[in-house]
Amino acid sequence: MKFVDEFRDPEIINKTAEEIRRLVDPGRHYRFMEVCGGHTHAIYRFGLKDVLPANIELIHGPGCPVCVLPMGRIDDGLTLAKNPDVVFTAFGDMMRVPGVQGSPLEHKARGMDVRIVYSPADALKLAKANPDKHVMFFAIGFETTAPSTALTLMRARAEGVGNFSVFCNHVTIIPAIRAILDSPDMRLDAFIGPGHVSTVIGCRPYAWIAANEHKPIVVSGFEPLDMLQSIVMLLRQLRNGEAKVENQYKRVVPWEGNRAALQAMNEVFQLRPYFEWRGLGFISQSALRIRDSYAEFDAEQRFNVPGVRVTDPKAAQCGEVLKGVLKPAQCKLFGRECTPEHPVGALMVSSEGSCAAYYNYEHRKAMANSLAWPA
Amino acid sequence: MAVATDSTIPKIRFREPQIEMAHGAGGIASRRLVEGLFAPLLFSSAHPSLNDAAALEIGGVRLAMTTDSFVVKPLRFPGGSIGELAINGTVNDLAVSGARPEAIVASFVLEAGLPTETLEAEVRAMSRAAQEARVAIVGGDTKVVEHGKADGMYISTTGIGSCLPGLRVDAATVRPGDKVLLSGPIGDHGITILLARGDLDIEADLRSDTRSVFPLIEAMTREAGPGIRWMRDPTRGGVATSLNELARDCSLGIHIFEDEIPVRDSVRGACELLGLDPLHIANEGQFLAVVAAEYADAAYNALCQAAGGEEAVVLGELHEQPAGSVLVTTRYGGSRIIDMLVGDPLPRIC
Numbered sequence: 004m005k006f007v008d009e010f011r012d013p014e015i016i017n018k019t020a021e022e023i024r025r026l027v028d029p030g031r032h033y034r035f036m037e038v039c040g041g042h043t044h045a046i047y048r049f050g051l052k053d054v055l056p057a058n059i060e061l062i063h064g065p066g067c068p069v070c071v072l073p074m075g076r077i078d079d080g081l082t083l084a085k086n087p088d089v090v091f092t093a094f095g096d097m098m099r100v101p102g103v104q105g106s107p108l109e110h111k112a113r114g115m116d117v118r119i120v121y122s123p124a125d126a127l128k129l130a131k132a133n134p135d136k137h138v139m140f141f142a143i144g145f146e147t148t149a150p151s152t153a154l155t156l157m158r159a160r161a162e163g164v165g166n167f168s169v170f171c172n173h174v175t176i177i178p179a180i181r182a183i184l185d186s187p188d189m190r191l192d193a194f195i196g197p198g199h200v201s202t203v204i205g206c207r208p209y210a211w212i213a214a215n216e217h218k219p220i221v222v223s224g225f226e227p228l229d230m231l232q233s234i235v236m237l238l239r240q241l242r243n244g245e246a247k248v249e250n251q252y253k254r255v256v257p258w259e260g261n262r263a264a265l266q267a268m269n270e271v272f273q274l275r276p277y278f279e280w281r282g283l284g285f286i287s288q289s290a291l292r293i294r295d296s297y298a299e300f301d302a303e304q305r306f307n308v309p310g311v312r313v314t315d316p317k318a319a320q321c322g323e324v325l326k327g328v329l330k331p332a333q334c335k336l337f338g339r340e341c342t343p344e345h346p347v348g349a350l351m352v353s354s355e356g357s358c359a360a361y362y363n364y365e366h367r368k369a370m371a372n373s374l375a376w377p378a
Numbered sequence: 006m007a008v009a010t011d012s013t014i015p016k017i018r019f020r021e022p023q024i025e026m027a028h029g030a031g032g033i034a035s036r037r038l039v040e041g042l043f044a045p046l047l048f049s050s051a052h053p054s055l056n057d058a059a060a061l062e063i064g065g066v067r068l069a070m071t072t073d074s075f076v077v078k079p080l081r082f083p084g085g086s087i088g089e090l091a092i093n094g095t096v097n098d099l100a101v102s103g104a105r106p107e108a109i110v111a112s113f114v115l116e117a118g119l120p121t122e123t124l125e126a127e128v129r130a131m132s133r134a135a136q137e138a139r140v141a142i143v144g145g146d147t148k149v150v151e152h153g154k155a156d157g158m159y160i161s162t163t164g165i166g167s168c169l170p171g172l173r174v175d176a177a178t179v180r181p182g183d184k185v186l187l188s189g190p191i192g193d194h195g196i197t198i199l200l201a202r203g204d205l206d207i208e209a210d211l212r213s214d215t216r217s218v219f220p221l222i223e224a225m226t227r228e229a230g231p232g233i234r235w236m237r238d239p240t241r242g243g244v245a246t247s248l249n250e251l252a253r254d255c256s257l258g259i260h261i262f263e264d265e266i267p268v269r270d271s272v273r274g275a276c277e278l279l280g281l282d283p284l285h286i287a288n289e290g291q292f293l294a295v296v297a298a299e300y301a302d303a304a305y306n307a308l309c310q311a312a313g314g315e316e317a318v319v320l321g322e323l324h325e326q327p328a329g330s331v332l333v334t335t336r337y338g339g340s341r342i343i344d345m346l347v348g349d350p351l352p353r354i355c
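Chains as they are written, first to last, in our numbering: chain G, 4 to 378; chain L, 6 to 355.
It is worth saying that the hints were derived from the structure and are not from the lab.
For glycine and all other residues, C-beta sits at the position ideal for the given N, C-alpha and C.
Among the hints, a few may not be true.
Sample of chain G residues at the chain L side, in silico, Cβ under 10 angstroms [as the list claims (entries may be wrong)]:
| hint | residue |
| --- | --- |
| 1 | Pro13 |
| 2 | Asp53 |
| 3 | Val120 |
| 4 | Arg158 |
Excised from the complex, chain L in its bound form (with noise of 0.2 angstroms):
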């Protein structure tokens, strides 16, 4: 790496006295920590990309490289786990980035104490996500740390994917008039979690969308490889926060249908009760896209016939304006501004 001159001393933008809750929550205050303190002194070029994952080219070969950390609470919840998330959500950055989910490594931090079978339950479940993912586990490390230090376990993965040819995922490339489309139905994940808690007396019958989205990314591509621009799978903040990301990387407006938003009964109820609202509601197992007009019916087509994709929706659409926002529109002529979520959720009841 070169030796920074007076010319290239990198600018630290982020003056916090501390880190909070908030920095880790994705949404506006991760952004400031990422942009003003990582980016500036550890990312070599000038202009980062700040994708899901890395774009690579070695020996003419196209890679995306991408690393994510699971620390979640419980461990286990209805339709999932930390170790199915873990595989998971790598698998599904790499997807988003446009590539073949091909090699995963894996870092444990274990908390002394943890039951064994706790933990063989944890293995097990990331080896069956693995093989559905079909991407392969090819080393990994293991620390442990004192009781009381790790909520049980966390869980880092690295993986590496080769680009799908004839992809090419940019917020730049995005136009107006472009079409925004979602996978499935949004909040499930965050919901079941908050419910798994066991804090509220609220019981619903919810599973976490937990899977990888691969499949679905693979058969879109087919279709309309040409004419997707953009993808992210909109984890922590929610949709929300992914299409402010968007709005505010390719200077455009977004509009979103709010009639076209597929909620599940059960999630919406939660929502409505607590405050929430959906959109703000991570996700583990859907994705958004940007696809150029001309492609979005076959885009859209591809998707639903594609096994899980089957509730897919044209979300909304790209327009000049509100440039760099987000606005959610009803049918009944109402409109609102929806902004990225600061801090973690948190219920409202008074």
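Only chain G is shown next, with the shape it has when bound in the complex (with noise of 0.2 angstroms):
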């Protein structure tokens, strides 16, 4: 398949690894954060731990949003679509992620009418062929998916279909990468910059991670070799002293970004003042929300939300997780009251999230090794 099957070839990936290996100082620990939850879906998907060298730790960054959406968003909109008269649409990300009272799939289940979409666009579709019901969509992503909310959302105002609403949980990448280099307890070498989000906001406003925190930055794409091509490309800095933002996805994601794509996103949201993340706490400018002159289609402006505050549970350990200073394994309910059947934190959740790609892909593993492994 065309730009899968060259990103996959057995005989680069061995090459680009011997260059690695060829780099790494054998006498150093490296600590490379990826941000974007779907670099850690791939790293586990493809097996790349088994092909690097034990001193190259890749830690799992905040960039998977259903893992940072704090549960009393989702009980939030979900108590909005307890109206029989509303249609609660999500994407399929957010279906299994449970609120106090049970996950959307629950819900459903249990007989609100939940559906499952592919884009904003279809909600709004759906919000057209049922004139008599009111469509919320419960959105969620960094900067990769509001845009496509954005321009929904304008669609629905030229179109003035008055059934639609947006229930807005959009967050943005840069002020989280903030609070993990502001965590005390974070030692960072240096990171693997998220690629979707780069095709919007581009490689410029990584800048000051270069200049000011002095870290080496490479905007990666999703394949195995993408991701070993980008470990090359930090540690020739690190060997080098030096730190820049640097962009291996050229294919995708151009240094300016994508210009349509942010002026959407300024028309319909503006910052809020503060937003709760799952894990890392209230962080400052670190959400949108939509503008007052959208008002009509915010389900927060238009209906009463009921502003549930949920603490997570005691023992779950999802914040030190998110911000890598544990990993999944060693927090206290991985793999016995946490799984991807039964989550009690999100990070169980989406396949993006690190504790679901590691007990997917890993854990079972990391046990049969600690057996004799037969050669």
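If you follow the hints, you should be able to join the two separate chains into one complex; please do so.
Have a look at this one:
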């Protein structure tokens, strides 16, 4: 398959892995954070840890939108959808994320009208096809998905669709990276920069990471070869004592980002003064709300939202895992109370969540490895 | 049936407060429901075999018996319809149990308001599929429920088959060194259904793979019968779920080779876009077989030479470790554990 097979070619992958082994200083331990959940998923799916030297440690970052959403927001969204005239729509990613009363899928099993959509435009289509219902889209995601929500709202207003609203949970990536770097228990050498987000925001917003924090960052694609090449680029910078922003994912990411997408976001959204992130707490100017000029489409302004605040179960250490302080398996609940089937924290739900990825692809392998592995 | 005494009180381990969609999705939750509630209360033997079909011996004749219900939306899709599935699904459950499908009875649950034209089309599809699979439809039942209660129609079929002589299909006979064979490309059915629902603006030239796999199994048995140890048709939950069930049943590790997994480009493309793993996608016309190493070539050649088996592959092999798990290995040395499907496969967007 074009644009995929080239980046999974074993021969080139092996050569790149060799290059990595040549570049690493055996006396040094490297801690690289992959910011994006898509990268976390790819690392496990392609077994990249087996290919990397043992002294390169990959730390999973905060870039999984489902994982960083506080539970109270899910409960708020589902409360609005208890009205039988409301249809709750969301991406498949959201469907198994637990609220206090259960996940959207569990609400669906109990009779709530919950539907999976593949884009906010599909939710708008649904609203137009069902004029007697109110269709609410539960929006999640970083700058990757925010532009499509913005464009959908612009269309809804242009077409005067009265029975459609968005419950907006869009967040922005840069403040989250800043919060991670400000965290005192965090020691990182470099960043694998998010590929999809950067198609929208470009590479320029990362300049401060290199200039002020002196950490190299390479914006990376999602195929095995992309990620290994990005690691080569990071190692070269570290070896040369450099810290700059580089773009490995040039075939998709323009340096300046996507101006039209940014304009649409600016038209519809404004920054919230602060927003709660699961595990990271309140981060100022880290999320988007719908502008007053679009108030009629803002579920939070249009309906009475209870504003539920739920503290995560005490024993769950989602925050530490999200910040990369703990590995998934070091959490007290991992694999016992918290499994992909019965997730306690959202990190165990999304296939991009580091706990689910670790559980699905690594956990039992690790257990088997601790027994004698036959040659 | 014997009255339960204190020592034989069945142990109910299923404690979940209500039935969720996941309990019917063929993955871990389905298994927990069957093993934790149905098996202890309904099955007479202490160690029921939870295979695709039950093995019976009546008057010295070895028979296989199975039942399946078909709920599918939409009723018709490229390459098939609920009627064909209802026949082929039951035929295949018998075939992978090592039996020649002989007879089927069918139950219909129809929704009031269903156009006769729709029903007739499905009955014709069943008749055609039964003829192709050379199985007789010998009885049935019809119920009608209120409008809005049954997605048009549900069909349930029960089949009986005669066991092929010299063939013993049992996970307990699987040994390290055995090979895993797969009859052809995976994911066609599940992705076809997903696209046919029309929620996605993706178009692909794809058809369901629904068919009887019995001719392939018969051909393989002729050449390699004594070496065949286990078979399964990887329907809901896909190849990953079937192989995980085997790994748990035989307490061995199954290694499959990523590069050997046969997936059509259009299925792969849809899976990449939606964040799905083809190994978790449903099939309706493929089967997996574990064959002793010394019979693997014969079984593989027999499959490849049979009509419809040309794309068969040797997918992997059995090892001692990782016991109870399925390991996918790549040519560049990476590996990952692949688990059963949890719930329905949900597309990942953001």
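How the hints compare with the structure:
1. Pro13: holds (4 angstroms)
2. Asp53: Result: holds, 5 angstroms to nearest chain L Cβ.
3. Val120: Check passed: Cβ of G/Val120 comes within 7 angstroms of chain L, closer than 10 angstroms.
4. Arg158: The hint is violated - G/Arg158 has no Cβ within 10 angstroms of chain L, the shortest such distance being about 15 angstroms.
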